[in-house]
Amino acid sequence: MKNLTPLALAALALLASCDPKKEIITEPAPLTTSVYVLSEGQFGAGDGAVSVFDRTAKTLTVDAFGSANSGAKLGDVVQSMGVQGNKGYIVVNASNKIEVVNLPDFKTAGTIAGLTQPRYFTSTSATRGYVTEWRGPYTGYLPGVLSIIDLTTNTVSSRVTVGRNPEQLLALGGKIYVPNSLDNTVSVIDEATGTLSSTITVADGPGSMVADKDGNLWVLCSGFVTYLSVPPYTATRVSNGTLVRFNPASPATQLKLTFPGTASPGQLRISPAKDQLYYRFGGAEYQLSTSATALPTTPFLRRSFSGFGIDPRDNTIYGALAPSYNSNGRFVRYQPNGTPIDSFTVKVGPNGFVFN
Amino acid sequence: MNSLFRRLLAGALLALAAMGGAWAQAPANPAGSPAPADSARLSRRQHRLGEVRVRAIGPERFAVGSTLTELDSAVLAQYRGSNLAEVLQARTPLALKYYGPGQLATIALRGTSAQHTAVLWNGLNIMLPTLGQTDFALLPVGASTRVSIQPGPAAALYGSGAVGGAVLLDAAPDWRVGHRGSVQPEAGSFGLVGGNLDVRAASAAVAVRVAAGYREAQNNYSYLVQEARGPVRYTLQNAALRHQWSFSPDLAWRVGRAGELSVAAWLTDTDREIQSGTGIIGGQARERDQSRRLTLGYRHVAARSQWSGRAAWFEDVLNYRDGGAPSNSRVRTTQAQAEHTAALGARGSLRLGAEAQHFAALVDGYGAVPVTENRAAAFALLRYDSRPTLRLSANLRQAALPAGLAPLTPTVGLEWDLLHPAANASAAEAETAAPAAAAAASETGKLDLPPSLPYSVTHLLTFSASAARSYRAPTLNERYWRPGGNPDLRPESGFGYEAGLRHRLAGQPGLVLETELTAFRQEVDNWVQWLPTAGTGIWSPRNLRRVRSQGLEASTALRRQRGHYTGSAQLAYHLTDTRKTQGAPDDPDPVGVQLAFVPRHQASFSTDHRWRGWLASSTLVFSSYRYINASGQDYLPGTLLLGATLGRTLPGPAGTKLLLLAQASNLLGQAYESYPGRPAPPRSVGGSLRVDF
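As you go down the protein sequences, you meet chains W and V in turn. So for the first sequence, this note's numbering puts the first residue at 1; every next one is plus one. So for the second sequence, this note's numbering puts the first residue at 1001; every next one is plus one.
Keep in mind that the hints were calculated from the coordinates and are not lab data. Glycine included, C-beta positions come from ideal geometry on N, C-alpha and C. Check each hint, because a few of them may be wrong.
To be verified - Derived list of chain V stretches under chain W, where covered just means 3 residues or more per stretch with a C-beta under 8 Å from a C-beta of chain W:
1. 1179–1190
2. 1274–1283
3. 1587–1593
4. 1621–1628
5. 1632–1641
Work out the full structure, taking the sequences as your base and the hints as a guide.
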């Protein structure tokens, strides 16, 4: 065996040289032209990633975090990312953490631990952040929490219990609005006191929200579906999707636009001018004016995007495509009128875009 | 590689070997080919089985032109407490997709997927009907007395799933009169504790064997993770093998002069924690797998014909629970087989048979009502040895599935001895022995023989080739899972062919060099893939693509016996190139990329030595990088794993014999992931004490 060991070690070195070449690390793209593309990764493989797209140079750094941090993996299911100043907050759902990075180079600036099933992050200042977290197993979810983060120490300073499965929160006018996607409510937390100030009833399954140019809040509710456990096993729609609009000053007065029961809407976005809404429904992307009183019947783009965003700097539309979780995904860029521009390959499961 | 690429034997195994007197007058081969030539040919390939008076013919006899890799009993004896995945990983260059010790382990024979290798126990398919695959971590080695692998499509012989090949597990009766047995406690790194028992007794009419085994392991080893702040060491969580039981009694009873009745059971029960990826915090998944397998068979072997009938009842339970969510399944499979084999003149044999299977599945994912399915198949197998040096086979199977007929699956094969001992003998007369030896030495570079000794060198060079179609019936999950199950799914169909050369050189007594080279190519069409359905996003299986696999398998083994020393060295190499060649428009995976988890290069080098009471073995297995998904960009690096065994046999008290075994794996201490996010064990050791009585 002694004779074998050096031989084997030499073979190991040789072996490493047989592996494909690793990608070459390039200089980080400048903040002003960067678009961050999130990839969930293959579940269990811990290879979620954030890719940096330089919209001027049209170059892509796949897995900027790994490249900047000696090949460290981000973890399992990169869910979302928030930006505050020159810091990025990458929410890694199954790894129960938020990785904090310096921008634009993605070098680590700490880790926020002590989270459980974190979903979405937002911040209102360089010292205060918020993250929604789910609670309970998927067979019996419990009311989730909004955790308030001290961004100077990267620790949880307090928690507020909200509804079940809180999702894409929104900070507006001194309040944090939290849609509870397994209930029919939006929890409103007062920023100054860090406590629950009210709960607004909307419709079943609120998951994403935006604020328009008139100061109204739009909440997209997916509706609920259950599957029968006995033949013929059909999916049963309990409630249809609903787009809800209200003014934060009078939340009880709501405009409700109800979707057909054929699919569940999701992923509400708003144009940089805050006058056009975008959402996904039935394998297509739709566009709707904030002054509309009825839902459109014709899609804006007939594609099923796993992530969607509009660059506020030039109104370019970004659509993510995740064909399966067994192969890399890509994103396609479109002109504001929906004409495709180009497309780029990113890691498995792209689900969203973050713009500075 | 310790596994010898062997040609099959007319029958050593399945072997309801048996009955007596009638056999004394019967030729050794019921097919009726000339006995002396046949037995001479057979004896060079395998140990003589003098005590076996009757040989039943196994299906391998009709697999002319295919290679058969066999793990011999000496190897199996070293790994009796292990599961099948561990033995194959330690001793063969076969590719397994492996989540960790005790965790899900599936085989990728010739680059195909887990569902493309049929696994048969005593001739019956034991693949889990719901998933259509076999978890090799659930099959303790000690239950079988023979493990062999036949790569390449062979549906005519082994039915659904034999697309990439077949793994054959057999428990043959031991007809040596008297009783014997062994008991072997074991312990090892990371909380491994276990033991196994093997007791056999036989009279002239009845042979009984009971094998049992137990194992548990904590698998709480540490691993290093490269985090942004630097490398951090963690201890593996939720990866324990809580228990693994295996109990397999079997009984063979010679009835009358030509009959044999056999009853066998194999019960396994495994409770394990399911390791999640290291990036997933707080995983609590557990899985309980229980299989109960019972078979009852009768075989009648007469001079020029034999027939057999078999009935089997299997129950497979797979209960998975992650946190609060249970997912339970129970499938009961009832099946029957009947076959008749008759001699065709002096040189051929023909087997006709049929089988039927009935599945009754109670699976949470299918709804509350049991799902049943019936399948049936008929087959005809023909073997014809036109000359002792030219052997041919042609086989055919037609299966009927719930959605219609499966593709007709024929197989043809030939083996032709280009050089054989008779030819050598005549050549030897024309030459002196010494030049022949010198020629052999220069040819192989491995023989170091004194030229003056009178001995003869015999060469045997055999060309073999085969071509076959294969199919895989849609699994129960693929058809009935809700939502997404697709009852219209067509069976996958495969076509493949291979050709090879086998050379055997026997030099001075006790020295044998065997070399084998096989090239293969095969395609699988209507390859099934689960994908989200456009619009609804519901995952559903569809016949989406065509996949081509081609490659080379080379091996060479040198065996030496001299005085008290017996030893061997085996070198094997596999080149496997497997790519999707064609896909439906909505199939997102790229064409032309090596499939995930199929290493292009695999090689193994193993040595085994025995001297007086000592034994020593070492194995070095190399596997090149493997892509982790269909895109062919991200990969797991190549691995080089060294394992070793050291053993000492001593006389024990009261006429017993003790075997003290020490085993080590990953001796190079390589840190690697067996699957993304699943760190493999570091260097580990184990020991056992076997008491033979």
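Hints, one by one, checked against the model:
no.: 1; hint: 1179–1190; in the structure: violated (count 0)
no.: 2; hint: 1274–1283; in the structure: holds (count 7)
no.: 3; hint: 1587–1593; in the structure: holds (count 3)
no.: 4; hint: 1621–1628; in the structure: holds (count 4)
no.: 5; hint: 1632–1641; in the structure: holds (count 7)
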